[in-house]
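Colleague: Numbering (the UniProt record's numbering), first residue to last: 1 to 387.
It cannot be assumed that every hint is accurate.
Stated by the list, open to error - Pairs of lysine-lysine, BS3-like flavour, derived with a Cα cap of 30 Å: (1) Lys49 <-> Lys379; (2) Lys379 <-> Lys6; (3) Lys49 <-> Lys230.
To be verified - Quick list of the computed label-pair ranges, beta carbon to beta carbon: (4) Arg150 <-> Ala20: 42 to 52 Å; (5) Asn233 <-> Arg103: 22 to 32 Å; (6) Arg266 <-> Arg103: 48 to 58 Å; (7) Trp265 <-> Ala132: 35 to 45 Å; (8) Gly102 <-> Leu269: 13 to 23 Å; (9) Ser251 <-> Ser72: 40 to 50 Å; (10) Arg103 <-> Ala367: 35 to 45 Å; (11) Ala132 <-> Gly357: 43 to 53 Å; (12) Glu296 <-> Ala327: 44 to 54 Å; (13) Ala309 <-> Leu260: 26 to 36 Å; (14) Arg126 <-> Ser86: 25 to 35 Å; (15) Asp254 <-> Asn311: 51 to 61 Å; (16) Ser86 <-> Ala327: 48 to 58 Å; (17) Glu296 <-> Glu141: 26 to 36 Å.
Just so you know, these hints were derived from the structure itself, not from any lab. Cβ atoms here follow ideal geometry from the backbone N, Cα and C, with glycine treated the same way.
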Amino acid sequence: MNLAFKDVKYNFLRFLLTMAGVGFLITASTGMVGLYRGIVEDALLVVEKIGADLWVVQGGRAGPFSESSAVSSDMDHRVEGIAGVSSVRRFVQISQQFGFEGRDLRASITGLDFPKDRGEWVQLQRGRYLAAGHFEAIADESIGLALGDRVRLAQDDYLIVGLTRGMVDASGDGLMFVTVNDAMAIAQRRTSEEILLARAAAGKTGAAAVSESSVQQDSKIAAVLVTLDKGANENRVRTNVLSWGDANILSRADQRDLLLNQRLWRLRLQILAFTGVLLVVMAIVISLIIYMLTMEKLHQIAMLKLIGARNSVIVAMIAQQSFLIGAGALVLGLAMSKVIFPFFPRRVVIDPWDFAGLALAVATVCALASLLGIWRALKIRAQEVLS
1 MNLAFKDVKY
11 NFLRFLLTMA
21 GVGFLITAST
31 GMVGLYRGIV
41 EDALLVVEKI
51 GADLWVVQGG
61 RAGPFSESSA
71 VSSDMDHRVE
81 GIAGVSSVRR
91 FVQISQQFGF
101 EGRDLRASIT
111 GLDFPKDRGE
121 WVQLQRGRYL
131 AAGHFEAIAD
141 ESIGLALGDR
151 VRLAQDDYLI
161 VGLTRGMVDA
171 SGDGLMFVTV
181 NDAMAIAQRR
191 TSEEILLARA
201 AAGKTGAAAV
211 SESSVQQDSK
221 IAAVLVTLDK
231 GANENRVRTN
241 VLSWGDANIL
251 SRADQRDLLL
261 NQRLWRLRLQ
271 ILAFTGVLLV
281 VMAIVISLII
291 YMLTMEKLHQ
301 IAMLKLIGAR
311 NSVIVAMIAQ
321 QSFLIGAGAL
331 VLGLAMSKVI
341 FPFFPRRVVI
351 DPWDFAGLAL
361 AVATVCALAS
371 LLGIWRALKI
381 RAQEVLS
């Protein structure tokens, strides 16, 4: 006879409510860790998928995903002449808010160096890749646009020819892919007020160019993407670029390190801190329930001791009850995670190894939580059954 199962059956509603409460805590813990994993995936999405071996960025800067970067407009031609370089592409990414059918939408405009890059590395859900040098766009579904829509960006209308899913930047804004030249035109668009201020600052009376502004304008090329020949000496390419003085060069691993260990470092600590708090709360809840159940069974435990039951039988009963709560809560938490998280506005990634680590943490919490009940049960003497 398993005393733990008998007691669970007798107090089934209380165990069920406890498992539900702990299950919600596990869901919250899974969600926070999954949210961090999702932000990491979003932040690294372009870096991992675009297929560049090296990124040439502004000198003294850490690249467009960590801080602003602008390289000279002829940087791609300079890099292309280095021995060992197979191909180069220009890269532009800007955040843009625009109106569409009475709605305010927001997207991260990403430039593809057409025709070298038509967006084949982008996983399409519907539609096609870019086929023209101007006024076509591939948009993520999260932006709120449909295939065939025409959206006005800056002073031109763009036709949505392709749709992606789950392609967003680190801020959660959906990616919209246009050609590099179109992206620069969108970035350089100025309001009438800015143009008038630029005229006044320069003392001009004639018509000012559309790109003129009252603020200093740098090149809109954020980086140059480099693909190396097979067997090329990466260190030699790095040395050549760094010798120019106006450029820095980063590998894919460098970009990952900058994003994870600098830009997202505080977020990681915050997620771990909240997860730790939830585990402490979980331990307190399980400890109180197990302790209360033990206090209610003092007479029965004394009776067991009177008839010769060993302490190991009593310890096993209390420990099994604690682990049953944890196991049931884990199953419930995973089920709720699968149902709830797909509706979240940000990507939540449930990594099997993360959940395995959480299961190990819950097992540890259950073991520690049962100690309070075990301590109280072992203090009971068989003679107390007569009181």
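Colleague: Should the hint that serine 86 and alanine 327 are 48 to 58 Å apart at their CB atoms be regarded as holding?
Modeller: 54 Å, holds
Colleague: Between lysine 49 and lysine 230, is the straight-line Cα distance small enough, at 30 Å or below?
Modeller: It holds: about 19 Å lies between the C-alpha atoms, which stays within 30 Å.
Colleague: Is the straight-line distance between the alpha-carbon of lysine 49 and that of lysine 379 30 Å or less?
Modeller: Roughly 62 Å between the alpha carbons, so the hint for lysine 49 and lysine 379 is violated.
Colleague: Starting from the hint 48 to 58 Å, judge whether the C-beta atoms of arginine 266 and arginine 103 obey it.
Modeller: The hint (48 to 58 Å, Cβ to Cβ) is violated, given that arginine 266 and arginine 103 are roughly 33 Å apart.
Colleague: Please check whether alanine 132 and glycine 357 have a Cβ separation lying inside 43 to 53 Å.
Modeller: 49 Å, holds
Colleague: Given a hint of 44 to 54 Å, does the C-beta separation of glutamate 296 and alanine 327 actually sit inside it?
Modeller: 22 Å, violated
Colleague: Range hint 26 to 36 Å: satisfied by the CB atoms of glutamate 296 and glutamate 141?
Modeller: 54 Å, violated
Colleague: Please check whether asparagine 233 and arginine 103 have a Cβ separation lying inside 22 to 32 Å.
Modeller: About 51 Å separates the Cβ atoms of asparagine 233 and arginine 103, which means 22 to 32 Å is violated.
Colleague: Is 13 to 23 Å respected by the C-beta to C-beta distance linking glycine 102 and leucine 269?
Modeller: Between glycine 102 and leucine 269, where Cβ atoms are some 42 Å apart, the hint is violated.
Colleague: Taking the CB of arginine 150 and the CB of alanine 20, does the distance hold inside 42 to 52 Å?
Modeller: 50 Å, holds
Colleague: 35 to 45 Å was suggested as the range; check whether the CB atoms of tryptophan 265 and alanine 132 agree with it.
Modeller: Once the Cβ atoms are compared, 42 Å apart, the range 35 to 45 Å for alanine 132 and tryptophan 265 holds.
Colleague: 35 to 45 Å was suggested as the range; check whether the CB atoms of arginine 103 and alanine 367 agree with it.
Modeller: 53 Å, violated
The structure fails to meet hints 1, 5, 6, 8, 9, 10, 12, 13 and 17 from the earlier list, while all remaining hints are met.
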